[in-house]
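Enquirer: Numbering-wise (the UniProt record's numbering), the sequence shown opens with residue 1 and increments by one.
Note that these hints are calculated values from the structure, not bench results. Model, not experiment: these values are computed from the prediction. Keep in mind that the hints are not guaranteed to be accurate.
Said to hold, decoys possible - Label pairs and their in silico Cβ distance ranges:
no., residue 1, residue 2, range
1, V409, S166, 29 to 39 Å
2, E238, G497, 24 to 34 Å
3, A466, R27, 28 to 38 Å
Note that CB positions come from ideal geometry on N, CA and C, so glycine has one too.
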Amino acid sequence: MTYVISKGCCNDGSCITVCPVQCIRPRPGDADFNTTEQLYIDPATCIDCGACLDECPVEAVHSDWDLPEHLSDYLEINAEYFATNPLVGVGTPSFTRRVLPAGRPELRVAIVGTGPAACYAAGTLSDIKGVSVTMLERLPTPFGLVRAGVAPDHANTKKMADRFGSVLSRPTVTSYFNVEVGRDLTIEELLQHHHAVLWAGGAPDDRKLGVDGEHLAGVHAARTFVAWYNGHPDHVGESFGLGGERVVVIGNGNVALDVARTLLRPADELSATDMAQHAVDALASSNVSEVVVVARRGPEHAAYSQGELLALDQIEGITLLAEADEVGEHDGDRKQAVLVRAAGRGGAAGKVIRFRFGLEPLSIEGEEQVEAITFRRPDGGTERIETSLLLRAIGYRGAPVDGLPFDEVTATLPHEAGRVVDPERDEAVDGVYCSGWIKRGPRGIIGSNKQDAEETVDSILQDLGADRLADPAGSAEDFEELLRDRVEDLLDRTAWGRIDLEEKRRGREASRPRQKLVTIQELLDASRAAS
Numbered sequence: 001m002t003y004v005i006s007k008g009c010c011n012d013g014s015c016i017t018v019c020p021v022q023c024i025r026p027r028p029g030d031a032d033f034n035t036t037e038q039l040y041i042d043p044a045t046c047i048d049c050g051a052c053l054d055e056c057p058v059e060a061v062h063s064d065w066d067l068p069e070h071l072s073d074y075l076e077i078n079a080e081y082f083a084t085n086p087l088v089g090v091g092t093p094s095f096t097r098r099v100l101p102a103g104r105p106e107l108r109v110a111i112v113g114t115g116p117a118a119c120y121a122a123g124t125l126s127d128i129k130g131v132s133v134t135m136l137e138r139l140p141t142p143f144g145l146v147r148a149g150v151a152p153d154h155a156n157t158k159k160m161a162d163r164f165g166s167v168l169s170r171p172t173v174t175s176y177f178n179v180e181v182g183r184d185l186t187i188e189e190l191l192q193h194h195h196a197v198l199w200a201g202g203a204p205d206d207r208k209l210g211v212d213g214e215h216l217a218g219v220h221a222a223r224t225f226v227a228w229y230n231g232h233p234d235h236v237g238e239s240f241g242l243g244g245e246r247v248v249v250i251g252n253g254n255v256a257l258d259v260a261r262t263l264l265r266p267a268d269e270l271s272a273t274d275m276a277q278h279a280v281d282a283l284a285s286s287n288v289s290e291v292v293v294v295a296r297r298g299p300e301h302a303a304y305s306q307g308e309l310l311a312l313d314q315i316e317g318i319t320l321l322a323e324a325d326e327v328g329e330h331d332g333d334r335k336q337a338v339l340v341r342a343a344g345r346g347g348a349a350g351k352v353i354r355f356r357f358g359l360e361p362l363s364i365e366g367e368e369q370v371e372a373i374t375f376r377r378p379d380g381g382t383e384r385i386e387t388s389l390l391l392r393a394i395g396y397r398g399a400p401v402d403g404l405p406f407d408e409v410t411a412t413l414p415h416e417a418g419r420v421v422d423p424e425r426d427e428a429v430d431g432v433y434c435s436g437w438i439k440r441g442p443r444g445i446i447g448s449n450k451q452d453a454e455e456t457v458d459s460i461l462q463d464l465g466a467d468r469l470a471d472p473a474g475s476a477e478d479f480e481e482l483l484r485d486r487v488e489d490l491l492d493r494t495a496w497g498r499i500d501l502e503e504k505r506r507g508r509e510a511s512r513p514r515q516k517l518v519t520i521q522e523l524l525d526a527s528r529a530a531s
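Let the sequences and hints guide you as you build the complete structure.
Expert: Following this line, the structure appears as structure tokens:
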């Protein structure tokens with residue numbers, strides 16, 4: 001018997017550290033670790049101990065004898081990886097035990113953000129004796145895209161919040177919410193009270209198509225739509241025209257599949273998730289029956305994962321369609337096989353996701369509201385697709401940070417191994433570091449942030465040992481006093497705990513995992529409630 005890693009793998013490598021025979025690949029340091037869609041277990045080496053099953057934070061590990069029918073392909077998928085990547089010299093992986101440099105018994109680090117990159121960094125830092133961490137979050141709620149970006153029907157992936165919540169609960173980690181660096185205090189003030197500042201604020205903007213008509217009503221970023229249905233306070237007031245029968249999504253990644261699937265899911269399925277109630281209500285009355293997912297290039301360049309496409313093809317009541325001349329022939333690739341089957345269906349009644357490839361957006365047409373998009377085909381001709389709602393899912397984009405250098409081309413903070421660097425002076429910005437999407441760009445999945453954060457933490461430790469980090473003038477108590485003077489509705493971990501309990505209480509009443517509070521005022525009110 002063997003264990004199998006399936007769809008939903010977070011890639012953070014927690015399972016690797018507990019495997020006694022080291023049969024899980026790729027590992028940190030392997031050439032494909034940062035690009036793999038998921039991790040894999042070698043069935044020929046696995047001893048069926050179950051350590052990976054217990055450790056997995058997103059329940060993506062299954063025993064082969066208990067593998068659900070809809071995940072049955074993953075037994076072969078795991079084995080296929082080792083057919084081309086056989087285990088050689090398994091050995092024992094080397095794991096770093098980090099300590100503070102000699103003569104430096106204390107390190108205080110402020111982390112801006114509480115998403116995956118921030119939480120992985122906080123977890124790595126707080127494992128070190130003598131380190132204390134302060135986490136600062138703009139919203140009243142933590143966990144970044146785990147809360148506001150993961151699709152509501154991916155409940156297991158959302159369980160990463162439990163793993164990150166345990167980090168926030170550590171005695172050497174102090175969390176403050178509803179405080180914005182740049183508005184309520186500056187990076188300089190953070191450095192007055194900490195040895196280092198680690199910026200992990202993510203990529204809050206989105207890429208644009210850059211075509212005429214992009215300003216029209218009905219044209220939105222998929223990022224905004226995702227934030228809306230996940231109950232992000234910044235986007236609860238958004239309005240999406242769901243009265244038309246067709247929606248066009250431009251993009252070929254997992255976000256494009258997320259929004260396509262969400263638009264067509266039955267209302268009773270959505271109401272069983274943690275989707276914001278306003279979104280459940282709006283989608284329940286939607287007229288959308290067709291979502292056209294458009295990619296500029298061919299299917300061989302599609303960025304969505306094998307697991308997401310396979311799962312999409314198994315949803316009852318949704319039919320996948322494609323154009324045979326755009327898809328080509330089956331070449332043995334599992335993603336290609338799904339698209340070839342979709343192209344062979346010809347047509348379907350009911351709800352449809354239609355994949356189109358090789359179409360370059362030329363213009364968006366309409367007077368005040370989008371009415372159609374014109375594309376250039378590979379043969380040089382044009383094609384017009386009518387729609388009243390267009391979602392661009394072509395990538396997130398980082399935003400400038402007050403007081404720090406910013407690379408407008410990559411939309412990241414210039415850095416060397418996580419040290420923020422000023423290109424004009426060609427030297428590091430003293431005491432300032434970065435991690436996550438603002439460091440490497442918006443790519444990878446949740447677990448991709450772990451190794452990224454560890455690299456930045458190692459740079460902080462190296463700089464501390466080289467006396468490049470000044471001792472802070474103010475204490476932790478001074479810093480808390482500063483925050484309470486500046487921020488009228490400052491929240492701490494206990495206040496977030498009250499919000500969490502209230503959302504779960506409302507969820508139990510509605511037979512849902514939680515019912516999110518979606519406005520700042522609702523969240524603040526819940527944070528003040530008696531326990």
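Enquirer: Now, for every hint given, state plainly whether the structure supports it.
Expert: Now the hints, each set against the structure:
In this structure, V409 and S166 meet the distance hint of 29 to 39 Å, their C-beta atoms being roughly 38 Å apart. At roughly 29 Å, the beta carbons of E238 and G497 sit within the given window of 24 to 34 Å. At about 29 Å, the beta-carbon gap between A466 and R27 stays in the expected band of 28 to 38 Å.
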